[in-house]
Structure formats: structure tokens, C-alpha cells
Amino acid sequence: MRLKQIKLAGFKSFVDPTTVPFPGQMTSIVGPNGCGKSNIIDAVRWVLGESSAKNLRGDAMTDVIFNGSSARKPVSQASIELVFDNTSGRISGEFTSYNEISIKRTVNKDGTSHYLLNNNKCRKKDITELFLGTGLGPRSYAIIEQGMISKLIESKPHELRLFIEEAAGISKYKERRRETEIRIRHTRENLERLDDLIAELANQIDNLKRQAESAKKYKALRADERQFKAELLALNWSEYQSVVDTLDKQIKQQQLNLDKLISEQSVDERLQTEYKQTLAELTTEQEQVNQSQFKLAQEITKIEQQLIFQKVEKTKLNLELDKLNQSLTELTAQVKQQTQQNTEQTDKLSRITPEIEQISLQLDEVEQQLEQGEIEFNQASEAFESNSQQYYQTKNQQQNIQLQAENCRQSITQDTQKLHQLKQQGIELRQVKYSGDIQQITAKSSQEKTRCEELQKHVASTKNQLQVDYQAWCEREQTRDGLRADLQNCHARITSLQTLIENQTQLDDTKLQTWFQQNQIAEYKNLYDDIKIQAGWELAVNTVLKQWPAAYVINQAIGLQLSMPDFELTLFNQGKSQTPVDKVANSLAEKVDAPAAIIQLLNRIEITTEAQNSNPDIFDSMIEQNGHWRSQVWSYFPAKQDNAVLVNKSKLDKAQNQAREIVAALELAETQFLQAKAQHEKTHQLSQKQQNAFVISQQKLDKLADELELANKQMRYQQTQIQANDTETAQLTSRLEDKAQQLEILEDQSEEYTIKLAELADVKALSENNKHSLYEKQKHLRASQNQVKHTLHQLQIQFETTKHQIESIKSNLATNQTRLIELETKQTQTNQALNEVTQPNQSLALTLQQKLGQKTELEDTKVRLLEKIKTVQLSLANLEQGQHSHFGQRQKLQDSISQFQIEQQGFKVKAKGILENLNELNVNLDMLLQQMPVQAEQKTWQHNLDKLSIKIAKLGAINLAAIDEYEHQLQRKEYLDAQKQDLVSAIETLEDAIRKIDKETKAKFKDTYETINQDLKRLFPKVFGGGSAWLELTDNDLLDTGVSIMARPPGKKNSTIHLLSGGEKALTALSLVFAIFRLNPAPFCMLDEVDAPLDDANVARFCNLVREMSSTVQFIYISHNKIAMEMANQLVGVTMQEPGVSRMVAVDIEKAIELAQH
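The sequence shown runs 1 to 1158 under UniProt numbering.
Hints are computed from structural coordinates only; laboratory data are not their basis. Values in this document were obtained by computation on a predicted structure and should not be read as measured data. Be a bit skeptical, because a hint or two may be false.
In silico lysine-lysine, DSS-like type, Cα no more than 27 Å apart, as pairs [as the list claims (entries may be wrong)]:
1. K892 with K525
2. K449 with K980
3. K156 with K54
4. K739 with K395
5. K546 with K249
6. K314 with K302
7. K73 with K395
8. K156 with K1052
9. K677 with K216
10. K444 with K713
11. K1004 with K156
12. K908 with K249
13. K996 with K125
14. K216 with K463
15. K651 with K229
16. K109 with K121
17. K908 with K892
18. K1122 with K1022
19. K1006 with K1022
20. K764 with K395
21. K219 with K954
22. K651 with K910
23. K276 with K862
24. K395 with K756
25. K908 with K654
26. K677 with K209
27. K109 with K7
28. K109 with K54
29. K295 with K868
30. K457 with K973
31. K591 with K546
32. K174 with K1006
33. K546 with K511
34. K892 with K260
35. K973 with K217
36. K803 with K789
37. K980 with K703
The following label-pair restraints were derived from C-beta to C-beta distances [as the list claims (entries may be wrong)]:
38. L321 with T856: 43 to 49 Å
39. N118 with R995: 32 to 38 Å
40. L116 with A740: 42 to 48 Å
Note that beta-carbon positions come from the ideal geometry of N, C-alpha and C, so glycine has one too.
Please put together the full structure from these sequences, using the hints given.
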């Protein structure tokens, strides 16, 4: 595996899309200081996942985006793409089969960063895991930047261990171990919460179990109650049904009498039928005569329309003939004009052709002169370009020197500012104290924990109250539903009684209103609507008044002028001027409130239980409360009067009073139901509110724990930052001194290039004047050429236009000649049609006269038929008048049948109400009657039903939802128990995985450490020409031990690595890096001016080592040393001709060496 190429766009100074290829095993990147060479190294680290802007030499991650220059605008996005050659298949996993792998990263101005793997979006983690164990990463040993060599040697033991781990390939194991530890911590937290939840759930299940047993017992009793209630309704239905059957037999008997009367009317109806049939035949014959008249009228109209059409058609043909004559005249003139135009255009075409040939010869001469001038101009341009190129190359070199000097000045200024910032930052870092924050957060966490425990207790208490409110809600709902059922039954009884009373007391509304209007009676009302009876005396009053079922009270005198109605009717006078009537003591009138006429009638009837009339002068008769009515000469014993009008009215009043009481009770129950529901909802909302508060408190507690951990991390990070600040301050002071010397050298070189530029400017101006004079000559020749071409083009256009006009005229001429022939043909056809229409049609006029005669005969026949129809209609009217005599008898029979049907309907309504109740109970009547015992009685069943109601009431409040909730919570507990077992198993599995990872990590680290140590011991004497170097472990625990390095060059016995010089440290660090590469060679190694502190002898040793390892590792390095440049297979040049913008250029190796020497 090797790096094939890098694609940069908008990254730091590489604003334009740039591709940097790496075809060989050793590639050297060369160029002056400040041109952007190190940006290529930064690009590789950035795309591999570097997240610290400081390590990329910036303050924020968006600093990697090109921010503009003096000639360029800023861009909004930076992108880097690395293309790897994976033909060796070193990348494992799903990408093993890919010969080429592309990794890309982009960032926008808003800080949004995206990663792409083979042009597919991915996570940063995917990129990191892809290279785990390969030695590649944003901070791995494969990428060594400026200053990193000394940091590598002086790094702490645990920091140096990271390089060993990466070489051993155990970094991926450590990452997996870290993820596993996080999973274990989360799993243990979930297990603790699960234990609390299971304990709370067990308490709820015990409570729900008791409630569920009570609910099951309640359901069983309710089922028995429902069964007895259904059977009691079935017994009532059987009783009502037997009464309905008896009434049905009576109705059938009355129907037989009615049928007999109807048969007597059949004779008259047959005569009526014969007369109607004769009338129908005469009517049919009349219709046939009418149809004949209509048909004859249509034929007459048709003949008249034919005559009119012939006249119109003749006029139309004359007009069309005139129009054709006019078109022929116009078309003939047009053909003549087009022939003349054709001749004129042909002459014009013959004149244009010679002019075109002459202009073409002039154009050839001008083009020959232009070609000769072009050759001279190109020669002058080449001379000018050569002089200009030499001038600008010298100028670019001067600008590069000046730019380097300016960059050096800016760098000195920036480093000075940065040094000041570092010192200030060190002061600020030492001023920040985190210990106080940690104590404050700990106190808050303790308070919040106490509050969280109190909220948990409130939540449990509110849940119990919620259960109590739910039971009360269910009880109120049951009470409300029972009252609704009672109210429905009461309304059904009221409707049945109202229907029965109306059928008993009212006549046909249409007939009654008609009769009252004929007799000019405006105000009337039913007698029974105006009577109020003392309770218990309904039977007695009904016995007296039942002889007048259709009785009405009117407010005017009753005289002989009233007409006789054709139905039974009783009228009582209650005039407005009539004086009130006093009620006689001990009379039936004392028991009622009624119109004066009824009071007078009831004053003559005594209330008594004696055999003799106490006062014959006042009372005509006597009556008892049970309806027994008698006098001195007669005695009347009424039949059972359960359905008497006044009895039914009394029942109706009681039912209406009962309905009002139920409505009042229902309103109270509805209010109580809504109150219970509102209380339940209020408690539920309180429970939710407390639960939310508990969750928020728990979240605050977690947040405080996170803040405490963050504060501890910040305190540790502060200490690390102080150490890093001190180190960087020392390095920056040394760098400022080196840059001051470099700036003085660059200023001397800039003065030399200024003298050379003045000499080249004179040569460039002379060649430029020669080029300008030749350009003016060519410009004049091109103008002449364009003018001749324009003239030729105009003549060619005129030629083509004239040619096209000739063709168009010929086409139009042919079309008009064809049309002229068609018009002459159409003119001949129109003359022939006109002659045919002009011939007279005598036959139509004769036919018209015959049809008019037939019309007169049909009118006479129609008059005779009308006289016959009038005679038959008169006989039929006389026959129908005779049938009215039978109507009275028939009406009485029908009234009797209606009375029985009304009574039958009352029992059917009751039976239907029972069926509706059974349907609500979802009970089948037939099946219920079959299952019931034969000896079943209503009283016994009612007694059993009352006993069940008492048992249900003793159970008290029942939570019907407890059964389902108990089953649900039981299943939930079983599920949570299984989850707990799974979590315990998961923890054991994860702990086993950590033990395996630790064991394998120790073995790999030990082997890698020993191998690298042996290679370091062999490489160090080879690089230094003697001496020794070795690695040491700081602890016996291979999982956490640090690694330190010790080196002693030839002839030295230093006690610490820090006593070595810069060059010795660099060679020691390179020895260690190459020892690591021997064990686990990364796909490539990037070195940024690591040879800067080395002298020529050590550079040669360094190059020999690199050359030796290039057989297995691809090297990409930045260097200013000629020896290092000569070693490379390929040189990649970076320049900054345009200020602030880096470009790649082809590099000549000799010139690069010369440039590096300067």
C-alpha cells in the first residue's frame, strides 16, 4: 500500500485545485521558505482526522480555508483527498478487494466538516478505524513535522508508549477496550435503575392482585344479575305477547264482518267498471282521431316547407354563381402579373453573377498580403516573448526574494506577538483556580440528590391517590348509566300511554277540523285534556264519561243550526259569559276539576256505599270508588278498566313525575361523574407533573456529575497546558534569533536582482516597439480583407434572394393556374343545379289540396265522439252517488277494528321495549325462553335479582381495570426480569472481553517493545558510527507502563537524553522511528525538514538509512539540503509567484540544488 496522490483545493495557500503526484518510493518537496511546502504535510494530517487547530498552526479549524490575498478573494470551503494504491491488499475488512482507496475531508466557513470514503459519506471514526494498526493517523510516527524530532526524544514515558502501541497494532485493541468499559459503565447504571423499577413494580403487582380478585367476583355477580334481568324481561314479554294474540283474534272477527259489507258493494262496483270500460274505449277512439289530425297536419306542414325550400335554394345558387364569376376575373389578372415578375427577376440574376467573380479575385490578393505579414509579426512576437520571459523570470526571482524577506519579517512579527501571548497565557493559566468550582458543584449535587429522593416519594403517593380516584370515577359512571336506562324505559312508557290516549280520545283531525270550520267554531279542545281527577277516583269518573269517547268543549252556544257530522261527536258548552257552577257536597263533582257542563253532570251523582240514595231530590244516581254506578231502577257493573282513558291519563301523570325525578337524579349523577372524572384528571396531571419534576431532578443530578468530572479534567488539562506553554516559549525565543539572520541575507540578494532588472527592461522595450509596428500593418490588411468579404457576402445574399424569389413566383403561378381550372369547372356545375331547381313542381300543390279535405272530415268525427262520452260520464256519476249509503256502516266497523288495534299496539310497544332491552343486553329471546324452566315466575325471579344487587353493593368500589392492569404489570415484570438477566450476562461477557484484550495487549506490547529495542540497539551504532541506545520500561505492569529512551553517542557517558545536542537528538529520534518502521512499516513516511539540524556527514548517514528503507516504505520529505535532494527519485516544486497562493511547478534537480545553496 502506498500514497498515490494528494488533491488540494482551498486549503491554506493552495486556493486553486492542485494535484500532487507521488509515483516513486522517494519524493522530495522543495521550494523557498514560506511557499507552502509544510501545508502539504498539514493536509495529510488534517484529512486523517486531526481535530486540534493548534496542531495545524491555526486558532480555529476554519483557519485551514484560504482567507484571501492581495489579489484573491477568500473561498468558502477547503477540501483534501488522499488516493492510496491498495493493490497489495494491506487495508483489511470490506476494502481489501479495492485496488484504489480514496479518503476525502471538506470543511465550510460555518465549521461543518464532512468525511468521504470512496466518495461515500462516512464518520471520522470510520477513517480512524480504517488505519488502526497500520501506523497511520493524525499524530502517528509516520508523519514527523518540524520540531517533532526533539519532542519525540524529550516526550514523557507514556507519550512515547503511544508510538510503541501504534507499531504493535494494539491501538485498535485499546480503543475497543475503552468502548467496552463505557458499555459496562452504562450497563451497570441501567441495571441499578432496573432493580429499583422491579422493586416498585412488585409492590404494585401485590396491590393489583387483590383488586383483580375483587373485580373478577364483581364481574361474576354482574353476569348472574344480567342473566336474571334478561329472564325476567322474557317472562314479561311472554305475558304481553299472549294479550296481543287475544286482541289479534278479535280484530280478525271484526275484519270478517267488514269483508261481508264490502262484498255487498261489489255489484255496484262491477257496473262502475263496465261504464268506466266504455268510457275508456270512447276516450281511446277520440285519441286515435286526435293522432290522425296531428299526423295529417304534419304532412301538410312538410309539403309547405318543401315549396319554401325550393325558393331559398334557387336564391342561394344565384349568389354562388355571381361569386364564382368575380373570383375568375381576379385570378386571371393575378396570373398575368406573376408572369411579368418572373421575367424581371431573371434579368436581375444575370447582372449580379459577373460582379461576384470580380470581388472574389480582389479577396485572394488581400489574403496573400495578410499571410506574408503574419509571418513577420510572429517572428517579432517570438523575440518579444523571449525578452519578456527573461525579464519576468528575473523579476519573479526578485519578488520571491522580497516575498521571502517579507514573510520572514511577518514571521518575526508573528513570533514576537506569539511569544508575548504565550507569556501572557502562562500568567493567565496560573491565575485560574478550579478547586473552588469543584467544592461548589459537590454541594449542589448533594442538595439535588436529597430533592430527587423527596420527589420520588411524592410520585409514589400520587400514584396511589390516582388509583382511588379511578375507582370513584367508575362507580359514578355505573350510577349514571343505570339512571339513563331507567329514564329510557320511563320515556318509552310515556310515549306508549300518550299514543294510546290520543287514539282513544281524538278523531280524524282532517274531518274534525273541516266540520268545525263549516259550523264556524273557532275555539275547541278535547274534554279529557281539561279534566283533573283526585287520585283513586279515576275509575268512577271514567265509568260516567266513557259514553262520550269523542268529546270536545266549545266556547259558544250549541243550537240547531249545527250540521250533522258523519262521525260520532259530543260537544259541551263552556261559554265565556257563563257563571261558575258550585259543586254539590258529597257529589262526584267534588273529586274533579272540569268545565262547568261536566260539573253540572257530576253534581247529580252521589258518592256513597249505601244501598239507598240519601237525597233523591238532589242526586239522580250513586257511584262507588270502584266504578259501580246505580240508581233506584238500574245498576251498572263496569268491566276491568285498566286501559280506560282517565286511568291511562293518571298513569301518564305518574310516569311523567317519575321521569322528572329520574332526570333530576341523572343530572346529579352526571355532575358527580364529571367531578370524579375531573378529580381523576387533576390527580393524573399532578402525577405527570411530579414525574416530570423527578426526571428533571435526575437529569440535573447527572448534569452536576458531568460538571464535576469536567472540572477535574479542566484542572488536569490546565497543568498540562502550563507545561506546554513553558516549552513552546523557549523554542520560540530560539527561532526568532535564527530568522533575524536569515532576513539580513535575503535583503542583500534583493539589491543584486534590482540592477539586473534595469538592463533587461531596455531590451524588452525595443522588441516591443518592433512588434507594435508590425501589428498595425496587419491590422490595416485585416480591415481591407473584412471590407472585401463584406461586399462579396452582400452580393451573394442578393444572388440567393433573387434566385429564391424566381422559384417562389414560379410556384405561385402554377398554383393559380390550377385554381383557375377548378373555378371554371365549379361554375359549370352551379349552372346545371340552377336549371334543375327552376323547373316547376305541380304535384306538390295538388297533394296539398287533398290533405286539406281529409282534415275537414276528421273534425266532424271528433264532434260525434264527444257527445257519446258526456252520456256515459253522467250515468257513472249517478251510480257512484248511490254507494254513499254503505259508507256509514263500513266506517263503524273500521272504527271498532282501530280500537282493538290501538289496544294491541300498546301491548306491542311494551313487548318491543322489552326486546330492545334484551338487545342491549345482547341476549337472544328464543334461546332464553327455551333454556328457562317451565315453572319460572316473575316474583321469584325479581326476588333473586334483588339478592344479587345487595351482594354487588356489599363489594364496594371496584377497579374493573385492575384485571387487565394486573396481567399487564405481571408480563412487564417478567420482561424486566429477563432484561435484568440479559444485562448481567452482558456485563460478564464484556468483562471476559476486556480480560482477553488485556492479555493479548500485554503479549503484543512485550514482543513489539523487545523487537524495537533490539533494532534500536543495532541502528544507533550504524548511524553514529558507534555508541549505544536502548529503551527502558518505567513499570512492571505492561498495560500502563511508560517507555523511556537512553542514548550515548561514541565517547560520551551522559546521564540523560536531554544533554545531547540538537543534531544528536535528531539522529537518535530517527533511529527510533526507523526501528519502529522495520517492525511495522507504515504505508508512507512524511518528514518535514528533519535534516535541518544535521551537518553534511550526518545528512549523508541519514540519506543512506532512508535509501535503505525505501525498499519497503514510501518516503515523502521536505528538505533544503542538496544531498537529500539528490537522493530523491522525484522532486515536487512549490512556488508562490502570486502573493499568498501556492502552486506546483516542474523542478530541475540541478537548479533546485543551486537554489538551496543560496
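Comparing the hints with the structure gives:
1. K892 with K525: 24 Å, holds
2. K449 with K980: 25 Å, holds
3. K156 with K54: 20 Å, holds
4. K739 with K395: 24 Å, holds
5. K546 with K249: 24 Å, holds
6. K314 with K302: 19 Å, holds
7. K73 with K395: 24 Å, holds
8. K156 with K1052: 23 Å, holds
9. K677 with K216: With a Cα-Cα distance of about 24 Å, the restraint between K677 and K216 holds, given a limit of 27 Å.
10. K444 with K713: 19 Å, holds
11. K1004 with K156: 21 Å, holds
12. K908 with K249: 15 Å, holds
13. K996 with K125: The given pair, whose Cα atoms are some 23 Å apart, holds under the 27 Å limit.
14. K216 with K463: 23 Å, holds
15. K651 with K229: 24 Å, holds
16. K109 with K121: 19 Å, holds
17. K908 with K892: Holds, because 24 Å separates the two Cα atoms, which is no more than 27 Å.
18. K1122 with K1022: Distance of about 22 Å is within 27 Å: holds.
19. K1006 with K1022: Holds, at roughly 25 Å.
20. K764 with K395: 13 Å, holds
21. K219 with K954: 14 Å, holds
22. K651 with K910: Given pair K651, K910 holds - Cα atoms ~14 Å apart, limit 27 Å.
23. K276 with K862: 20 Å, holds
24. K395 with K756: 9 Å, holds
25. K908 with K654: 21 Å, holds
26. K677 with K209: The given pair, whose Cα atoms are some 24 Å apart, holds under the 27 Å limit.
27. K109 with K7: Holds: K109 and K7 sit about 20 Å apart, inside 27 Å.
28. K109 with K54: 18 Å, holds
29. K295 with K868: At roughly 24 Å apart (the allowed maximum being 27 Å), K868 and K295 satisfy the hint.
30. K457 with K973: 21 Å, holds
31. K591 with K546: Distance of about 17 Å is within 27 Å: holds.
32. K174 with K1006: Answer holds: K174 to K1006 is near 15 Å, not above 27 Å.
33. K546 with K511: Judged against 27 Å, a Cα distance of about 22 Å means the pair holds.
34. K892 with K260: Holds, because 14 Å separates the two Cα atoms, which is no more than 27 Å.
35. K973 with K217: 25 Å, holds
36. K803 with K789: Satisfied, since the Cα-Cα distance of roughly 21 Å is no more than 27 Å.
37. K980 with K703: 26 Å, holds
38. L321 with T856: 43 to 49 Å: At 44 Å between Cβs, range holds.
39. N118 with R995: 32 to 38 Å: Distance hint for N118, R995 holds at roughly 37 Å.
40. L116 with A740: 42 to 48 Å: 44 Å, holds
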